[in-house]
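Both chains are sitting in their own frames, so use the hints and assemble them into the complex.
Single-letter residue listing:
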Amino acid sequence: MPKAPTVRPLAIPAISTRLLLTAAGVTLLLLALAYLVAFDQGALSRSGMYMHELMHDGRHLLGVPCH
Amino acid sequence: MPLKLSFGRLLTAGLLAGLIAGLLAGGFAYLTGEPRIDAAIAIEEQNTLAHGAAGGGEELVSRETQKNIGLTLATTLYGIALGGFLATAYALLRRRLHTSSDTRAALGLATAALTGIVLIPWLKYPPNPPAVGDPATIRQRTISYLALLALGLVAIWAGVLAARTQTQEWRRATAGTLAFLIVVTIAYTLLPATNEVPDTFPADLLWQFRLASLGTQVVLFSALGLAFAGLLHRLATSKPATVDA
Ligand SMILES: [Zn+2]
Numbered sequence: 001m002p003k004a005p006t007v008r009p010l011a012i013p014a015i016s017t018r019l020l021l022t023a024a025g026v027t028l029l030l031l032a033l034a035y036l037v038a039f040d041q042g043a044l045s046r047s048g049m050y051m052h053e054l055m056h057d058g059r060h061l062l063g064v065p066c067h
Numbered sequence: 001m002p003l004k005l006s007f008g009r010l011l012t013a014g015l016l017a018g019l020i021a022g023l024l025a026g027g028f029a030y031l032t033g034e035p036r037i038d039a040a041i042a043i044e045e046q047n048t049l050a051h052g053a054a055g056g057g058e059e060l061v062s063r064e065t066q067k068n069i070g071l072t073l074a075t076t077l078y079g080i081a082l083g084g085f086l087a088t089a090y091a092l093l094r095r096r097l098h099t100s101s102d103t104r105a106a107l108g109l110a111t112a113a114l115t116g117i118v119l120i121p122w123l124k125y126p127p128n129p130p131a132v133g134d135p136a137t138i139r140q141r142t143i144s145y146l147a148l149l150a151l152g153l154v155a156i157w158a159g160v161l162a163a164r165t166q167t168q169e170w171r172r173a174t175a176g177t178l179a180f181l182i183v184v185t186i187a188y189t190l191l192p193a194t195n196e197v198p199d200t201f202p203a204d205l206l207w208q209f210r211l212a213s214l215g216t217q218v219v220l221f222s223a224l225g226l227a228f229a230g231l232l233h234r235l236a237t238s239k240p241a242t243v244d245a
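Protein chains in written order, with full-length UniProt numbering: chain A, 1 to 67; chain B, 1 to 245.
In isolation and in its complexed conformation, chain B is listed as follows (with noise of 0.2 Å):
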């Protein structure tokens, strides 16, 4: 007998799984982040006391609790909306994505979605530690971002449907990745450029922010997905919830 899911037992399979995985991030990235961004500010501090401007103004938040609180705050709700994304999406192309597989479409659809929204605009505009950007065009790069979010999802996209005109296994292959790349390619090309960090700026530190904010987003996707399946098996070994009479 199978299991008729509803939309609301997904759902809350998804929050679930988002919650887990939204936890999980905010403790590597506490790990991994922290120390890095902690560093940038020591430096914007260092110059502002070397310009003699005057110092940071009063704080809204103390430090300490931004890293404790508000970090797994940030993160553990990014990952509850993540996961209600994920489920929605899992209830509404469940049948198109052509697996019987509920493990692999849970997986499938998290890589999809860790490609296309994490790794795509990672590549063009990766992030930067607080004290680096310019507050003046916040505007502007978050539109940049989001239109890359939004063309990093549509280059999934036609990397599907082009791979699915093929029937041999390689064609199918070579026709998927020469869509996606085309649509990433394009997308680079007209999305503008930013460049906002100081030459000043010591080079390897802000290649391990970018790192560990990688990694966080990395976990954050990967537990996600691996949660969401779990609960998914959990759902169907479950008990009957009604007793056959």
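Excised from the complex, chain A in its bound form (with noise of 0.2 Å):
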């Protein structure tokens, strides 16, 4: 039956070796995707300028230095 949600507290998970590594490596995932948006000037596209030519407008309007 449908009543009042009742709010549980979160546990944040411990910090271990394995949370650390695990995120270590969702940080590089994500620098990854950041520098593919906001600094790659071909280099990690591999797709010559297209990408950053694509995304030219959004990496002015976020503030990131571009030519």
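It should be emphasised that the hints constitute simulated quantities derived from the structure, not laboratory data.
Warning: the hint list may mix true and false statements.
Derived DEER-like restraints, expressed as beta-carbon distance ranges [to be verified]:
#1 B:E45 - A:S16: 56 to 64 Å
#2 B:L49 - A:M49: 45 to 53 Å
#3 A:A43 - B:T174: 33 to 41 Å
#4 B:L146 - A:M49: 18 to 26 Å
#5 B:A203 - A:S16: 50 to 58 Å
#6 A:A24 - B:L49: 30 to 38 Å
#7 A:Y50 - B:W170: 49 to 57 Å
Cβ coordinates follow ideal geometry from the N, Cα and C atoms, glycine included.
Right, here's the structure in full:
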């Protein structure tokens, strides 16, 4: 039966070597994604400047240095 | 019964919040930024024609595609990356935030990120519309920008550490503000200035573009923090995954 939702305290995962390694791996992937959007001059995308040009307006409006 | 969050669940919430925030920021950027980018490009084209130089050359991506798909793609992917960073920071720093409220923890982290990686760099290196920057200095500008972004986060961190050395609230606020400002001042002094806007570029157009850019990032980070806090609340009020037997 539906009743008022009870708020349960959230238990954050304990810091362990495994968590740190996973977090580091995820951070690397996210850095690659941010680099592709904001800083790539065709080096990572391997499509020349296509991705750079495609997202050019976004780069300028997101405040990252560009041409 | 507390809900045990896995890193995977936190990360999913962060990436989803980033997706939402990126789409909203894309909409805002389209409405406020695109008219200014168009105006800046029009000025560049006029200048090129006036100087009799060869026009633009072959364009890799049409302006229409840049405006419609490219802009939203950029803000969305950027938002997803930021959402992932926020969730990772949350998982690693949650215990150190000294608050029992998950909403405050999420919004606190998002506000710190907005200050450190948006406001601090924006004030020293305000963004320019296309057709303004000098391509030859892109490397130097990128390094300075990234250094300032990192120093912005260091300034926040220094502020928090300094505040925690004090017990009285006004002393905490004063110590935190001072430490933050000292780091920012040092960073602003050490990093090189860039002045690449031609004197002929209209000042009001430049200002409007910079405001649109700031607004886009404020929308992005605000929506990110709020959506992440909302998703955490959803998790906290969700039914237990395992039925009590
Ligand atoms: Zn560019």
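Against the structure, the hints come out as follows:
Distance hint for E45 of chain B and S16 of chain A: a CB-CB separation of about 57 Å, consistent with the stated range 56 to 64 Å. At about 24 Å, the beta-carbon gap between L49 of chain B and M49 of chain A misses the expected band of 45 to 53 Å. For A43 of chain A and T174 of chain B, the Cβ-Cβ distance of about 46 Å falls outside the hinted range of 33 to 41 Å, so the restraint is violated. The hinted window of 18 to 26 Å between L146 of chain B and M49 of chain A holds, with their beta carbons roughly 21 Å apart.
Between A203 of chain B and S16 of chain A the Cβ separation comes to about 54 Å, which falls inside the hinted range of 50 to 58 Å. Between A24 of chain A and L49 of chain B the beta carbons are some 52 Å apart, a value that contradicts the proposed interval 30 to 38 Å. Evaluation of the 49 to 57 Å hint for Y50 of chain A and W170 of chain B yields a pass: the beta carbon distance comes to about 55 Å.
Hint compliance for this structure: hints 2, 3 and 6 are not met, and every other hint is.
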